[in-house]
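Number of protein chains: 2
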Amino acid sequence: MAWNMLSPTIILVRPQLGENIGMVARAMWNFGLRELRLVSPRDGWPNPAAGPPAAGADVVLDEAQVFETVKSAVADCAILYATTIRQRDMLKEVVTARRMVEETSPVLAQGQKVGLMFGPERSGLETDDVALAHKILTVPVNPAFGSLNLSQAVILCAYEWFQSQTDAPPCELHGDYEGPATHDALEGLIAHIDNDLSQGDYYFPEHRADAMRRTLRGIFTRPQFTTQEVRTLRGIIKALSGNRKS
Amino acid sequence: MAWNMLSPTIILVRPQLGENIGMVARAMWNFGLRELRLVSPRDGWPNPAAGPPAAGADVVLDEAQVFETVKSAVADCAILYATTIRQRDMLKEVVTARRMVEETSPVLAQGQKVGLMFGPERSGLETDDVALAHKILTVPVNPAFGSLNLSQAVILCAYEWFQSQTDAPPCELHGDYEGPATHDALEGLIAHIDNDLSQGDYYFPEHRADAMRRTLRGIFTRPQFTTQEVRTLRGIIKALSGNRKS
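Those sequence lines, one after another, are chains A and B.
757 is the number that the numbering used here gives the last residue of the first sequence; the numbers go up by one with no jumps.
757 is the number that the numbering used here gives the last residue of the second sequence; the numbers go up by one with no jumps.
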């Protein structure tokens, strides 16, 4: 199979065992996913322990990119999913793997990146990582036994994507849709608002500031604003802050 | 979840590694499959190596049945599938996991057994084993890298079966979702922004003002902000406009 560039990017956040990274690579390549990103892997990278379990999916390991922070790893993603089975106190849409594949197909078709974040084996993603995502990706499992192995969680997403490539009718959107802005552009908007708010007395009382920042992030992340919308919003913020000395 | 007896039976033919049997048990129980049969496992049974990778799916291991021959293990199956990726010189229907789930649902509903056979890790099923099956079960994979780990092959079948059992909505919302704000509340927000912007030079040039207002309305309407989000946004607008004389 010629590799289809238009496939999701797997982002492992602080993965612990090299063996699991290798199994993830194998699972990805079984279903034609190739782009793997590692955010500060516990045992460094490259990690020889990943080789044997990859069972020949060397191309995925060889091309894996390493990042120090989640933010840098997701910067170019137009849409970002956090996988988690725990309930979070965040207003985010929760979608199944199958649904994710359906709804990202027009985004991928435009050459934009779709990021799927998976947390460390033991603990899963931290709340601050989940907060970065547009949506939560979940796989309905036996409620009495929900602990999916990391590579199993990855293979189910990869499998669903591959199924969509072989069967499903293409999905399209009405209107002149340019797709969501990159994560970087979104961060720029959030930083802009945050900066302007920090100059007044918005973040008060002090001990509520973190929660207020998370709320703000949630409000501006969920809508999946397009690049043009982000640009307009920045213009609006600038105009609103206009007469203030900054 | 109460266990649904009406689920496929997983039959591992001459499995080699205890670790893999444990991972298969975990994969099965993740998706509510409970009945595991082992045909002459290489290292005997019970095998302590299976415990840790099962990660708590002990019920599957404890109830696993051991058989000496494939024929005895499949004797009570009403329909039997052989999983294989190799081409066989046999006239048998080849179905995907999804199709298998669809077509076996009436069989299971009658209390009959559906058997899914998986071969040894290294070599897969022998031709004589495949010959026993009614059909061949296959999962379309990357033709360049078709080697699925045993537990991965099992989980994909279990996953498809579980999907067919749940009417889980493809997407829902995490967090305390109160639904979108009323139209009135939204209008209040838009009027608030519009008012503040009108006091600066945002709507310039004049003849573009209507289009700019439409864009602004679009941006704040599409996300279906909740009442709480609208309230927060108004706080943000107020803070941003803060030092301005209004």
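Source of the hints: derived by calculation from the structure; they are not laboratory data.
It is possible that some hints are incorrect.
The list treats identical chains as interchangeable, and a pair is accepted whether it falls inside one copy or across any two copies.
[As the list claims (entries may be wrong)] Straight-line alpha carbon distances no greater than 30 Å define the calculated DSSO-like cross-link-like pairs of lysine-lysine that follow:
no.	residue 1	residue 2
1	646	582
2	624	646
3	749	646
4	582	624
5	603	749
6	646	603
Cross-check of the supplied hints:
In the homo-oligomer, the alpha carbons of residue 646 and residue 582 lie at most 30 Å apart inside one protomer (16 Å), although the nearest pairing across protomers, at 48 Å, exceeds that limit. With identical chains, the CA atoms of residue 624 and residue 646 are at most 30 Å apart within one copy only, with a shortest distance of 15 Å there and 39 Å across copies. Both within a single protomer and between protomers do residue 749 and residue 646 lie at most 30 Å apart by alpha-carbon distance, with minima of 28 Å and 28 Å respectively. Taking the shortest Cα distances, residue 582 and residue 624 sit within 30 Å of each other inside one copy (14 Å), while across copies they are farther apart (49 Å).
In this assembly of identical chains, residue 603 and residue 749 lie within 30 Å of each other by CA distance both inside one copy and across copies; the values are 27 Å within and 25 Å between. Only within a single protomer do residue 646 and residue 603 lie at most 30 Å apart by alpha-carbon distance; the minimum there is 5 Å, versus 43 Å between protomers.
Of the numbered hints stated above, none is contradicted by the structure.
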